[in-house]
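Chains as they are written, first to last, in this note's numbering: chain U, 1 to 246; chain A, 1 to 268.
In short, the hints are calculated from the structure, not lab data.
Every residue gets a Cβ at the ideal spot worked out from N, C-alpha and C, and that includes glycine.
Misleading hints may appear alongside valid ones.
[Said to hold, decoys possible] Selected chain U positions facing chain A (in silico; Cβ < 10 Å):
hint : residue
1    : S82
2    : Q100
3    : H105
4    : G110
5    : P118
6    : H119
7    : T197
8    : D201
9    : N204
10   : Q205
11   : S207
[Claimed, not checked] Stretch by stretch, here's where chain A covers chain U in the computed footprint (C-beta under 8 Å, at least three residues):
hint : region
12   : 51 to 59
13   : 83 to 93
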Amino acid sequence: MTDVSPPALAVTGLSHSFGRTQVLDRVGFALAPGDFTVLLGLNGAGKTTLFALVTRLYHSGTGSIAVFGNDIQRRSAAALASMGVVFQQPTLDLDLTVEQNLSYHASLHGMSRVAARPHIEAELDRVGLLERRHDRVRQLSGGQRRRIELARALVHEPSLLLLDEPTVGLDIESRHFLIEHVRKLCAEQRLAVLWATHLIDEANQDSRVIVLHRGRVLADGKVPEVVARTEAPDLKAAFDRLVRAA
Amino acid sequence: MTPVQYLRCLGGIVRREALRWLHQRSRFISALVRPMVWLAIFGAGFRFVLGVSIIPPYETYIPYEVYIAPGLIAMIQLFNGMQSSLSMVYDREMGSMKTLLISPFPRWFLLTAKLLAGVAVSVVQAYMFLAIAWFWEIEPPLWGYLFVLPAMILSGLMLGALGLVLSSFVRQMENFAGVMNFVIFPMFFASSALYPLWRVKESSLTLYWICQANPFSHATELIRFALYGQFNAISAVIVTAFLLLLMALAVYGYDPGRGLMARRTGGE
Chain U
1 MTDVSPPALA VTGLSHSFGR TQVLDRVGFA LAPGDFTVLL GLNGAGKTTL FALVTRLYHS
61 GTGSIAVFGN DIQRRSAAAL ASMGVVFQQP TLDLDLTVEQ NLSYHASLHG MSRVAARPHI
121 EAELDRVGLL ERRHDRVRQL SGGQRRRIEL ARALVHEPSL LLLDEPTVGL DIESRHFLIE
181 HVRKLCAEQR LAVLWATHLI DEANQDSRVI VLHRGRVLAD GKVPEVVART EAPDLKAAFD
241 RLVRAA
Chain A
1 MTPVQYLRCL GGIVRREALR WLHQRSRFIS ALVRPMVWLA IFGAGFRFVL GVSIIPPYET
61 YIPYEVYIAP GLIAMIQLFN GMQSSLSMVY DREMGSMKTL LISPFPRWFL LTAKLLAGVA
121 VSVVQAYMFL AIAWFWEIEP PLWGYLFVLP AMILSGLMLG ALGLVLSSFV RQMENFAGVM
181 NFVIFPMFFA SSALYPLWRV KESSLTLYWI CQANPFSHAT ELIRFALYGQ FNAISAVIVT
241 AFLLLLMALA VYGYDPGRGL MARRTGGE
C-alpha cells in the first residue's frame, strides 16, 4: 500500500536573496516522518536562511514550504504548531528559571500551565535536568542550556524538529548526548528531524544527508549513496569533491 | 486556535515580562528612582522659578511638583516603552525574539500581547510612583486614581507602540542608544510635561506648535485630566490616532513578507 500522507516538510524551488546576494537557489527536498536528515554545509551555505524561511521568520517570494501539507504562508498556524525549533543562537531567558522558560514556550503554543506541567517534567527528565527546573538558566553550563532548549522545543509535542547547528560550542560529551537523544526520538516517536551542521561526523551511515553549498543542493541521499555517487572513500572526501566541483 | 488559547498566550507573555522586570533589579529600582529624582530635585529647584497659573484641570494655584507629576507618569511610560523595545532589540540579538515570532499565533497578536505586557508593567510602576508622590503632597482625588487607569493604558499602549516601531527598524543596540537620545529627550522636553504650553507660546510660537504636535504632550494631558476626574477628548483622540498609526507601522516592520525582518536579520 502506498503512503499518501503528506511529507513532514516539503521545500520546493525555494530561492532567496538579500539585496543582490543570492543566498538560496531553487532548493528542494522533502522529509518523511521518522527521517533523520543532516543538512550539511559550510558556514554561509544558506542553512540559517533556510531555517528562517521554514520557520516563517521571513519569507521568500519564490518557491514553497509546506509542513505536513500546510503551506507556511497560507496555513502558518497549523504549520508552526507542528514544528519544534532549536536555533543556532541561544534563545533562553537567562534571568528566568528553567521551568519558567519552558512554561513561557508552552503558553506561546496556547497550552495551559496545568496541561503543560507534565510535558515539561517529562522532557526535562528525558534530558536529565528535571532536578534543575527551579534553577535560573544563568546557573547552567552551555551543554545544559542546549539540552534545555531541546526539551523546550519538544514541550508542545511537535512532529517536525528543526535544529540549526545545535552542537556548536559544546564539549564532546554534550554533543554525543544531544545527537543520540535526537536519533532516539526520531526512531521511537517517528519525529522528522532536520539537523543542520557543518560537522561531517554528525552524519552516520544511516543518516540521510543533504549537502548545501552556496545556496544550492549539491547532493541528497543516504550517506553510502552520496559517497558512492562521488566515488569517494568516505563522506568527508565526498563532501570535499562536491564542494570543489561546484 | 481558540479564544482561550489566545488568552493563555497573552497570559504567558505578560507573566514573562513581569518576571523579567522583577528579576532585573536595576531596571526595577531605576524605574522608581528616575521620576522621584525629577520630582524631589527638579521639582523643588524650579518651584519658585516657574509660576503656574490656574489652568484646567486645576481649580486653584498648584505647586510645581503637582504640575509635573502627570508628565512624570508619562515619562515612566515612555521609558518603559523604550526599555521594552530595547529588550526587543536585545532579544533579537540574543535570539529569543525568534521564540516569540515562531509561535503559531498571528504576528499582530504576538506584538500586541508584547505591548500589553509592557503596559501592564508600566501601569504598576506608575501607581508605585503615585503612592510615593503622595508624600510630596501630590494628592489627586481618590477617584482620580481610578480614572487615570484607562488613560495610562491608552498612553502606555501608544508609547509602547512607538518603541515597537523603533525596535523593528533599529538593527543593533548601539544604534538604539542614539535613538534614545533623539527620541526620549526631545519628546519629553518638547511637551507639556515640564511647563504649560501657554508659557512655551510666549517664548516661541514654533516650539509651541512642535509641542502641540508631539503625541507625548497629549499622553501627558490625557493623564493630567484623568487624574482629576476629567476627560480630555482631544488628547484621547490624538493618542488613539497615534496608537493606531504606530501599531500599523510596527506590524509592517515585523511582517516577514515586507523584507524588513529579512534585511535586518541578514544572512548567516
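Interface hint outcome for H105/U [beta carbon to chain A under 10 Å]: For H105/U, the interface hint holds, since the closest Cβ of chain A sits about 7 Å away, which is under 10 Å.
Chain A contact restraint for G110/U - C-beta distance below 10 Å: Given a least distance of 3 Å, the restraint on G110/U holds.
Satisfaction of the H119/U interface hint, Cβ to chain A closer than 10 Å: Violated. Min distance 14 Å.
Status of the hint placing D201/U at chain A (closest C-beta pair under 10 Å): violated (21 Å)
Status of the N204/U interface restraint (C-beta, 10 Å, chain A): violated (25 Å)
Hint status (Cβ of S207/U to nearest Cβ of chain A, threshold 10 Å): S207/U check fails; min Cβ-Cβ to chain A is 22 Å, beyond 10 Å.
Status of the hint placing T197/U at chain A (closest C-beta pair under 10 Å): violated (13 Å)
Restraint check, 10 Å cut-off on beta carbons, for Q205/U near chain A: Where the cut-off is 10 Å and the nearest Cβ of chain A is about 28 Å from Q205/U, the hint is violated.
Status of the hint placing S82/U at chain A (closest C-beta pair under 10 Å): holds (9 Å)
8 Å C-beta criterion, at least three residues: is the region 51 to 59 of chain U covered by chain A: holds (count 6)
Whether chain A covers the region 83 to 93 of chain U (at least 3 residues having a Cβ closer than 8 Å to its Cβ atoms): holds (count 9)
Interface restraint verdict for P118/U against chain A (beta-carbon cut-off 10 Å): violated (16 Å)
Hint check: violations occur at hints 5, 6, 7, 8, 9, 10 and 11; the rest are consistent with the structure.
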